Amino acid sequence: MSDTSIPKSAVQDAAPVRPRWKTILLRPEAMTFVLLILATLGASLLSPFFADIAYILESFTYYSEYAIVGLVLTLVIISGEIDLSGAAMMALSACLFGITYQAGYPISVAILVSLISGVAMGWFNAILVIRFKLPSIIVTIGTLTLFRGIAQVIAGDRSISKFPSWFVGIDYQYVLNLPIPVIVFCVVALALGVILGGTVLGRQIYQIGTSAIAAQHAGIRVNRIKTGLFIGMGVASSVAGLLTASRLASVRYDLASGAELQMVLIVMLGGTYIFGGRGSIIGTFLAAWLLVIIATGMTVANIPINAQLTVLGLLLIISIIATNIIYSRTQR
Amino acid sequence: MPVSDTPVLSARGISKQFGGVEVLSDVDLDLSAGEIHALLGENGAGKSTFAKILSGVHRPTRGTLALNGNPVEVPNPIAAQNLGITLIHQEPISFPDMSVTENLVLGRHDGALLGRVPWAQMERNANELMDMLRVSIDVTKPMRGLSIADQQMVEIARALASDSRLIIMDEPTAPLTPKEVETLFSIARRLRDQGRTIIFISHRLEEVQALCDRATIFRDGHLVETANVADLSDEDIIRLMIGRPLKEMMHRSGAKIGDVALEVRELSLPGKFHDISFTVRHGEIVGLAGLVGAGRTDVARAVFGVAPAASGSIAVKGKTVEIADPSDAIELGLAFVPEDRAVAGIFGTLPVDQNITAAVPGKIAPHGFIRSAIERALAEKSVKDLRIRLAALRQPIGELSGGNQQKSILARWLHTDPDILILDEPTRGIDIGVKAEFYDMIGTLAANGRGVLLISSELPELLYLCDRILVMSEGELTADIAGDEATQESVMRAAVPTKGKHGTGGSPPEHNEVAL
Amino acid sequence: MNSLTAALRFILLRREAGIAVMLVLFSLVVSAIEPRFLSLDTLRIVMLAVPLILIAGMGQMMVLLARHVDLSIGSILGFSAIVAGMAFRDLPEMPWWFGFFIATFVGAALGLVNGAVVTLFRLPSIIVTLGTLSLYRGVLFLISDARQVDPQYIPRPLIEMSQTSPIFGIPWIIFIALTIALISYVFLDHTRLGRQIYAIGSNPVAAPLRGISVVPVTLLVFTLSGALAGLAGVLYASRFGYVNPSITGVGFEFTVIAAVVVGGVSINGGVGTVLGTVLGVIFLGAVSVALPILGVSAFWRDAIYGAVIIIALLIDRSVRESGIRSATLEARA
Amino acid sequence: MFKKLSVLLGVAAGLTMMASAYAADPIKIVFVGKNTGNPYFDSLVQGFVDGCDKLGCEFEFVAPATAEATSQIPFITAQIQRGVDVIATSPNSPDALNQVLDRARAKGILVLSVNGDMTGNEEHRDAAILPTDFEKVGADQVELVGSLIDYEGEIAILSATTEAPDQNKWIVGMNEALANDPKYAKMKLVATVYGDDQPEKSTTEMEALLSTYPNLRGVISPTTVGIAASAQVVQSAGKADTVKVTGLGTPNQMRPFIKDGTVEAFQLWSPYNEGWLASHFAVGVKDGTIKNEVGATFEVPNLGTITINPLNSINTQAGLTTFDASNIDDFNF
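Protein chains in written order, with numbering that gives the first Met the number 0: chain A, 0 to 331; chain Y, 0 to 515; chain L, 0 to 332; chain G, 0 to 332.
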């Protein structure tokens, strides 16, 4: 019955630390990278037409818009929220852009209207999630229906086109042999990667996602940062909508319909933890290429879309499960 | 005292470890039919852990349990219930969207899954139980609308409804009014007289004296004494609970008490606390005592801006300030070590160094970009200064023991160089050796001229550390006692509610012995 | 308090009252603009528009009560309808009513897969079912070879279930939906298992402490949701007369979720009644019928559904806020 | 089904399945459809397949999952990458494909718009293969409905989407015929509504028509989803005798309604011939036997002499084919 009977050692105070190589290799991003290499090899075997850098880059432009939104979505998910309304925001902001331009305003005003609408929609999501404390996942399901519904109401089934020629075809403008959408994606990835990995803001996003309550107690302005991220989603969606408008030379209410799934897929494939607090831009960056390679590889091999849909649905579920398993293992 | 010979329950060599720390060691205890048995001890002494092992919430690391002489396993709460053991939780567990009636019967295994729910009969039974408790709760109302006290009553009613032979009440009286306490006691006695066994966990010695037949006292995970209550004086119990004089563990060098660092004036938040005013001076350790749910933590959260008060004002170093968010408080030189470390303190999956530097982004990132060399240096200094035991700085903090996690949180705040520290139960769930280190540190903080507001449920801790002790009861400040004048009794007297909280029908006590 | 005011209070304090009032107000406003709206014919059209939503809505409601959500029901509906349709086409000797079993069974199996992934890996159901929404649609394309089941293969008696009536001129399909609603009511309100679904959604942490087996019950609600979506699938074939892999059931999940949350089922689990859901389904049915009668473009429908989901969330929130509640309970929940 | 599974497995294993598909000389034609699961295109694709069997060209059919504007683009790019000689497509948007089709043409690929044209953007394709003269469809349809209702009474139109270009062109034609031809003086067009090519919306719109216009005598639905929904609605309502439904539909979709008399007659063209003609035209242009110039003519077996109309548009047949009980069993598409 003496107090000295409680044994003490360093082992009991702290579990032994995992070797550094193990923590790196066990990251889901490593998995994404391995998958990327495998997919590239597989696609090259599947079709002799696949292994062509110019073709892959061109194909990437078709997914670049989703991938750009996916980069911002990565931050949102790391912060412990989610935004499924990205694709609908793309459509509504692009339709507003088209309608403003058609109404006779200069294209710069139309672009401004689109960006402002992006801010407004992101802010609307943020208000519902933060001010009214509603779960973001269901709120953004509501707003995704609402935003696309509004796009449908204001634009009808009309295809809005006849944009000035300088605005059209950004995907065929090259800088250093890279299509501009690819450059935009890489620049956004680099910028967000630096912010997330190297700055206080990025650090705080991880901390909020790990425990929003602890973050608040540590003096981190949780609501402000989350609001910023939702607005960032809106702006990124609006930019993506403009890129799509330029690429297609027309906008319609059904632009990017169903793309919320692909956005989530990119982020999940990149190993971002669905419950927040973990993930990286490099993962999302690699996953965007992975998705393009899988989709393009199958398309150029003329594999029916039926199989493609199945593969993508499976990938989403498997990637969530795998990431979840990896993180729950390393957590304990 | 109808104590029979064969023990209803006997525990042999019960031990429990959490993350390598032994919180319960070799407990042997026999409980007889028809007794009310008190479990006493400081917070963390092991009495609640023992109760949870009996009721299947935890499984013992070692040791055996026997019911009426037959060895039993209690792997989960359901098994416990089937064995006739019910734990009434400190904080009621309920289904807020469902009616009181349903909360009373949910989980009781009588009837097929697709069998019809006998609503009318259930409601009748529920009303009978409420009558017996002499409370007027509408049993058709959802739990969501009930006060905590009423929810507690439902919880107690639920235990009565299931035919439990051993009922464990873990501080059931904390949120109850004296009248309700009296009702509860009379029911407890009736249950005892029917031959049931009741384990009664409480801090209130007068309740133990009034109600219990025998008492077992825990200290630091060990059972130190089991005796008839009649043979124990309050002084005996306190001595057994505290063990060695706590003074020996503390080295308080009399700090110089300086100017007012923090002044709180007429702070109110409806439903939580009302008209709270106090001051904390530089170099002063001010204790904040009170029962669970008295509103202590809410006051601390309001001062720090986590959940700001609705009215009243706060002045820091003589200047009235606006604190709407913790970041405002931090800028003003406040720091807050929250009570619920796992939720509000640590970032469990993030490395220790990132946890330590979380409140000083400006220091680790002078130009916006994080300089890991600076960060590591800051963290290493904390590890050395506070003797945080870990394997590596990049280790997730969740892998550390509770004491070292708490040290890291304290380290986080020390980097902000605060003038005022609010510590909410800083030593909860920390083993005794590390506790002493904490007492040292708190003393040093005050000696360095910082003001400390210390919230604690461990009275001895407050009595020996504090220059002044404030006491809260039911959301109001009821006492402000100088440290050298404070005693357990004077603090407890101020902490225990004296006026009725809610009408309970006021019917005279009647002994309608509804079949339990 | 006399019994009349007590009764009034009891009625008015229920959420169903709010939806019923909304429904009446809406009908009055619409008929003020277009008097033809207030007719038996309109009622018939509304009643014909809702059975599929009502049946799948019962399943979705159970999933929501258990604090989950099933976004894949549109694909499950399509999947079951296609499988049943292919059976009608490729196995002509099969008795036509066997299609009900096939569709319900296929739906139940797909729902079970949802539930298994959700419970086994402890993943948020909304993400899992977003994945299976796409996965099931992909597989249904594969098995159907992306070919429609043409009307000539849909059995005549099945088609007639949407047209002929056993009694009072009310078509079979409405009877089936109301029967399902009635069974759901008895199941949810009057059986132990039904109450356990509420308990799990009301406090998932406490449920296992009270001996409720959370995993089997969760599997059950997903399976039921799938089975009911499957049943709605075969009734789709009855109502529309053919099954198309790229049309059948697409976007159905949003309609159903909108109807159910309008009916007062909380997205946070534990709250909601069959009566409320029935009223919610009828309300949205009335809206979709009123639009063409008012001459408003059908494009408004999606915007209205989206707004309705958000408004319902806000109402649910304020109802929760208004009740006296305990912080500890919330934190634990 | 096992075959499909093995295809999937093949994908996963990264096998070289398509290795033999590129080493040959023959002209490679690919048709990029609107979306999969669209029964209309099954017959059209068969025309291509038979044409290529006879002419010795290689043919492939690919299609995205949804009929959304952007979804065809990656498929067209992939075909450019594969180095095909001819891309035929049924564009989902009149203008979203301009860029990618221009790139295809820049590489010497012959680009054909099949079954619908890119109105206003004709310079972005080489030729359009249209089933019939779209200018005459409206008048033909009005004549058909007129003949069914004795040229007297109220009629309505249930179309696809408000902006569907082909349907709108036909609706203009219908309005002109009704306004200008004295034969139709006693017919009155009371409403034009849109069902968005969704079964649910089309059904609701049709039911609203019946309820709003009790004196309605005829409905023209120039879209396959719409006419099927309309037929289903009048059948359910038992109004097949008073309200005559007609429009454009496929025989397989409409067969039961013709058989039971719900619909007396409807029209369409032969999608099979479109594929047949397109393959002959493509091969002819590629090997130089056909000049793709306005006014040029060429022979196609079974179709006779075909003329290239202004804007390089080619029709497979002069007028619409009318299907009724007497001939419907001769068709299977």
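Treat the hints with caution; some may be incorrect.
What the hints assert, rightly or not - List time: in silico DMTMM-like cross-link candidates among lysine to aspartate or glutamate, alpha-carbon distance up to 20 Å:
{"no.": "1", "chain 1": "A", "residue 1": "161", "chain 2": "G", "residue 2": "328"}
{"no.": "2", "chain 1": "G", "residue 1": "258", "chain 2": "G", "residue 2": "165"}
{"no.": "3", "chain 1": "Y", "residue 1": "140", "chain 2": "L", "residue 2": "92"}
What the hints assert, rightly or not - A short list of chain G residues far from chain L (calculated; beta carbon distances all over 10 Å):
{"no.": "4", "residue": "25"}
{"no.": "5", "residue": "41"}
{"no.": "6", "residue": "143"}
{"no.": "7", "residue": "151"}
{"no.": "8", "residue": "175"}
{"no.": "9", "residue": "184"}
{"no.": "10", "residue": "192"}
{"no.": "11", "residue": "200"}
{"no.": "12", "residue": "206"}
{"no.": "13", "residue": "227"}
{"no.": "14", "residue": "228"}
{"no.": "15", "residue": "237"}
{"no.": "16", "residue": "254"}
{"no.": "17", "residue": "297"}
{"no.": "18", "residue": "308"}
None of these hints come from the bench; they were simulated from the model.
From a predicted model like this one, the values you see are computed outputs, not experimental measurements.
Idealized CB from N, CA, C, for every residue including glycine.
Against the structure, the hints come out as follows:
1. Restraint check for residue 161 of chain A and residue 328 of chain G: not satisfied, since their Cα atoms lie roughly 47 Å apart, outside the 20 Å limit.
2. A distance of roughly 29 Å separates the Cα atoms of residue 258 of chain G and residue 165 of chain G; the hinted pair therefore is violated under the 20 Å criterion.
3. A threshold of 20 Å between alpha carbons decides the hint, and for residue 140 of chain Y with residue 92 of chain L the separation of about 56 Å lies outside it, so the pair is violated.
4. A cut-off of 10 Å between C-beta atoms confirms that residue 25 of chain G is not in contact with chain L; the least separation is 26 Å.
5. Once the 10 Å rule is applied to beta carbons, residue 41 of chain G is inconsistent with being away from chain L; the minimum gap is 7 Å.
6. Every C-beta of chain L lies more than 10 Å from that of residue 143 of chain G, the closest at about 21 Å, which supports listing it as non-interface.
7. Listed as a non-interface residue, residue 151 of chain G keeps its Cβ farther than 10 Å from every Cβ of chain L; the least gap is roughly 24 Å.
8. At the 10 Å boundary, the C-beta of residue 175 of chain G stays outside the reach of chain L, the nearest C-beta of that chain being 23 Å off.
9. No beta-carbon of chain L is positioned within 10 Å of the beta-carbon of residue 184 of chain G; the least distance is around 26 Å.
10. Annotated as non-interface, residue 192 of chain G brings its C-beta within 10 Å of a C-beta of chain L; the closest such distance is 6 Å.
11. At roughly 5 Å, the least C-beta separation between residue 200 of chain G and chain L is not larger than 10 Å, which violates its mark as non-interface.
12. Here residue 206 of chain G does not stay apart from chain L, with its beta-carbon only about 4 Å from theirs, under the 10 Å limit.
13. Consistency note on residue 227 of chain G: stated as away from chain L, yet its beta-carbon is not over 10 Å from all of that chain's, at 7 Å minimum.
14. With a least beta-carbon separation of about 7 Å from chain L, residue 228 of chain G fails to lie farther than 10 Å from that chain, contradicting its non-interface assignment.
15. Not every beta carbon of chain L lies more than 10 Å from that of residue 237 of chain G, the smallest distance being close to 8 Å; the non-interface claim is violated.
16. Not every beta carbon of chain L lies more than 10 Å from that of residue 254 of chain G, the smallest distance being close to 5 Å; the non-interface claim is violated.
17. Here residue 297 of chain G stays apart from chain L, with its beta-carbon at least about 33 Å from theirs, past the 10 Å limit.
18. The Cβ of residue 308 of chain G lies farther than 10 Å from every Cβ of chain L, with a closest approach of about 32 Å, so its non-interface assignment holds.
When the structure is compared with the earlier hints, violations turn up for hints 1, 2, 3, 5, 10, 11, 12, 13, 14, 15 and 16 and for no others.
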